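Each chain, written out:
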Amino acid sequence: GQQLNQSPQSMFIQEGEDVSMNCTSSSIFNTWLWYKQDPGEGPVLLIALYKAGELTSNGRLTAQFGITRKDSFLNISASIPSDVGIYFCHGGSQGNLIFGKGTKLSVKP
Amino acid sequence: DVKVTQSSRYLVKRTGEKVFLECVQDMDHENMFWYRQDPGLGLRLIYFSYDVKMKEKGDIPEGYSVSREKKERFSLILESASTNQTSMYLCASTTGTVAYEQYFGPGTRLTVT
Chain L
7 GQQLNQSPQS MFIQEGEDVS MNCTSSSIFN TWLWYKQDPG EGPVLLIALY KAGELTSNGR
67 LTAQFGITRK DSFLNISASI PSDVGIYFCH GGSQGNLIFG KGTKLSVKP
Chain S
29 DVKVTQSSRY LVKRTGEKVF LECVQDMDHE NMFWYRQDPG LGLRLIYFSY DVKMKEKGDI
89 PEGYSVSREK KERFSLILES ASTNQTSMYL CASTTGTVAY EQYFGPGTRL TVT
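Listed in order, the protein sequences are those of chains L and S.
Quick note on the numbering used here: the first sequence kicks off at 7 and runs consecutively.
Quick note on the numbering used here: the second sequence kicks off at 29 and runs consecutively.
For the record, the hints were derived by calculation from the structure and aren't laboratory data.
Since we're looking at a predicted model, the values are computed, not measured.
Note that the Cβ used here is the ideal one computed from N, Cα and C, for glycine as well.
Heads up, a few of these hints could be off.
To be verified - Interface residues of chain S toward chain L, partial, derived using beta-carbon atoms under 8 Å:
1. M55
2. G68
3. L69
4. P89
5. I105
6. E129
7. Q130
8. G133
To be verified - No more than 25 Å apart at the CA atoms, straight line, and that leaves these computed lysine to any residue pairs for SDA-like:
9. K83/S x N36/L
10. K110/L x K83/S
11. K114/L x I88/S
To be verified - Sample of chain L residues lacking proximity to chain S, with all beta carbon distances greater than 10 Å (derived):
12. F18
13. D24
14. I34
15. E47
16. V50
17. G59
18. N81
19. S83
20. L103
21. G108
22. S112
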């Protein structure tokens, strides 16, 4: 079946750092979406991408739909403490809904 | 704003009990979903529904059933709870036209002892 490989699994951030994460698949998707889950809450949609090559920003967040339609990345610029949480990628195709396993962002001690 | 609510945030049940998890959305969404979330495994789809009284199995339906008698309400049922069903359960909904943009509830953390 379809699978999404999301990396890194976890990372530590220091305030002000830029963060990058990505999802790759051997399958083609028509849609890529990125969600963030705060501790103890449900995921919240951050960015939705519907066209190959599309680059979309939402404040300090930037996401791109890979030109091959098999990957997507999410960048967070100038991270702040409230960026901690779990980020999920989500690929959609022909009614199939696949989530990556998540990237957990924590604050560097 | 879309609001998806779940009946309980935390639930503790005993092995063998019948468990009902309820989800209600207030935006007239056609599609509703139940996921379970486990560390290292991400979100896994249990069941979904595209219409009232309609249901489709997801990736891990074993041990679960669902009910959708009204458009706004989607229930997940554990017929006989087992310890391996201890998990975070998330409900989500989407419109028919933008079916991939999911709105999630806050989750129910179920512990089966």
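How the hints compare with the structure:
1. M55: With a closest approach of 14 Å, the M55/S hint is violated.
2. G68: With Cβ-Cβ at 7 Å, under 8 Å, it holds.
3. L69: Because about 7 Å separates L69/S from the closest Cβ in chain L, which is inside the 8 Å limit, the hint holds.
4. P89: Result: violated, 14 Å to nearest chain L Cβ.
5. I105: 20 Å, violated
6. E129: Holds: closest Cβ of chain L sits about 6 Å from E129/S, inside 8 Å.
7. Q130: 7 Å, holds
8. G133: The hint holds - G133/S has a Cβ within 8 Å of chain L, the shortest such distance being about 5 Å.
9. K83/S x N36/L: With a Cα-Cα distance of about 24 Å, the restraint between K83/S and N36/L holds, given a limit of 25 Å.
10. K110/L x K83/S: 32 Å, violated
11. K114/L x I88/S: 36 Å, violated
12. F18: The claim holds: F18/L sits with its nearest Cβ about 18 Å from chain S, beyond 10 Å.
13. D24: 24 Å, holds
14. I34: Correct as stated: the minimum Cβ-Cβ distance to chain S is 15 Å, above 10 Å.
15. E47: Check fails; 6 Å does not lie beyond 10 Å.
16. V50: 7 Å, violated
17. G59: Non-interface label on G59/L holds, nearest chain S Cβ at 18 Å vs cutoff 10 Å.
18. N81: 21 Å, holds
19. S83: For S83/L, whose nearest Cβ neighbour in chain S is about 24 Å away, the distance exceeds 10 Å, so it holds.
20. L103: Label violated. Min Cβ-Cβ 6 Å, cutoff 10 Å.
21. G108: 5 Å, violated
22. S112: For S112/L, whose nearest Cβ neighbour in chain S is about 14 Å away, the distance exceeds 10 Å, so it holds.
Violated hints for the displayed structure, listed by number in ascending order: 1, 4, 5, 10, 11, 15, 16, 20, 21.
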